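Assemble the complex: chain C is given as a structure, and chain A must be docked to it using the hints.
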Amino acid sequence: MAVAFLVLPLVGLVVRAPWSTIGPQLAQQEVGQALRLSLFSATLATLLSLVLGVPLAWVLARSRIRGRSVLRALVTVPLVLPPVVGGVALFLVIGRTGILGRPLYEHLGVTIPFTTTAVVIAETFVAMPFLVISVEGALRAADARFEDAAATLGADRWTTFRRVTLPLVAPGIAAGAVLCWARALGEFGATITFAGNFPGTTQTMPLAVYLALQRDPEAAIVLSLVLLAVSLGTLLLLRDRWLGRGVAA
Amino acid sequence: MKRLIAALAVLTLAGCGASDGGSTDGVTGTVTVFAAASLTDVFTDLGHRLERDHPGLTVEFDFAGSSTLASRLTEGATADVFASADTDQMDVVTNNGIVSRAPTLFAMNVLEIAVPPGNPGGISGLADLADPAKRIALCAPEVPCGAAAGKAFDAAGLTAAPDTLEPDVKAALTAVQLGEVEAALVYATDVHAAGDSVEGIEFPESEDTLTGYPICTLTDAPNPAGALAFVQLVTSDAGRKALTAAGFRLP
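Taken in order, these protein sequences are the chains called C and A. Each residue of the first sequence is one higher than the last, beginning at 0 in numbering that gives the first Met the number 0. Each residue of the second sequence is one higher than the last, beginning at 0 in numbering that gives the first Met the number 0.
Chain C with its partners taken away, still in its complex shape (with noise of 0.2 Å):
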């Protein structure tokens, strides 16, 4: 049932496709443009969450600071927030007229919406939460005793993490990358509030569809079927290369 469920929308994809003319419709410029622009600013989100993302994980799972829980809960506004709000908020700090943006845009002349920035920003902003909850929970369930042994045999803070937790957390901060790539890529509500679409620089795969949408339904499904394409077979291909049959994608 469950199966069904997720799988038959797909199909009903693949059924009302226009094979026909599906040749010309990808062979359009803004396809490619938008594809390219998609599959960097997911990738980068990604690298930026894995960045900022890994180590707020440890403190969520390892610390003892006070306020941890409030901070977890923090952690997951973006995954409950209707991403549109998302964007809005993001506008209220480094728009241009932000908290934030402001002086930014006065002093240096900077501004961020309506940026390739701008996109990967708010696929940050949305994606990232899911790469933290799926390292937290990998941390909570490795053995901390290792870490310990570790530390009992000379092992300074640092290479106790490189050494010891990282590996044995790798599988979780895998599958938490791969979580965080594939919703970013789908992002939708945030990029085109605080991103907005212009092809080339803002017009991400999603927001392409979006507009099909208006014009040709029919080139919307094509589009779809593109990403759905794209998205899969790289992560079929990362399962296979890099992460090994411990991590399902």
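Mixed in with the good hints, there may be bad ones.
Said to hold, decoys possible - According to the in silico footprint, chain A covers these stretches of chain C (three or more CB under 8 Å from chain A):
| # | stretch |
| --- | --- |
| 1 | 94-104 |
| 2 | 140-151 |
| 3 | 213-227 |
The hints are simulated quantities; they were obtained by calculation from the structure and are not laboratory data. These numbers come from a predicted model, not from an experiment. Note that CB positions come from ideal geometry on N, CA and C, so glycine has one too.
Then chain A, alone, in the frame of chain C:
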């Protein structure tokens, strides 16, 4: 422009039964109206008025981009009335046999430049929206306000220099209200509805962006009497007065 006038004349002649003057007694139940986002305020008011005139009647609205509504209708959504912000999207619905009678044109709108209060970008006309140095929001060409913007730039012989192509007119307006862009092309009625949060600048080429709003009852309307009553109200003197007050022009 000539073609537009011809199209309008046909639409007006065809009529939608608004002039039937039929009895609206027994109008009750729920009437569902799919209407273009730009009609939000004026239709909400007219809906309340209809509910007052017919106790027992509830008017429910779905406001969205006309093209979104048209595709919902062709995908099988149930509604009693459809009011579109352009004739193209009404044609989509008409061609699918969802409209019971030829649509009536009930309002007109033109584009206007919206700028944040105080006009920080020093925008004075359409030429400023063709300046790449300025931060500009337009509607995407797939939606009616974007198509109209294209006509304005064509008429002026300018190439637009937008930084973002928004999916609907309210999104473009929001970018202005937040001060994130120096100008956007929106409908005159949006500027009107936004009050003090934006300033409007009229421009001569806007006459080429005149768009007509058709309305019609739908073939499979669950509440045909309610549907007719709503269309009659919109095209009545009271309806025309409300539309004018909201910044619409009349056909």
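Structure-based check of all given hints:
1. 94-104: holds (count 3)
2. 140-151: Coverage by chain A is violated here, the residue count being 0 at a Cβ distance below 8 Å.
3. 213-227: As far as the stretch 213-227 of chain C goes, the hint holds, because 3 residues have Cβ atoms under 8 Å from chain A.
Comparing the model with each earlier hint shows a violation of hint 2 alone; every other hint is respected.
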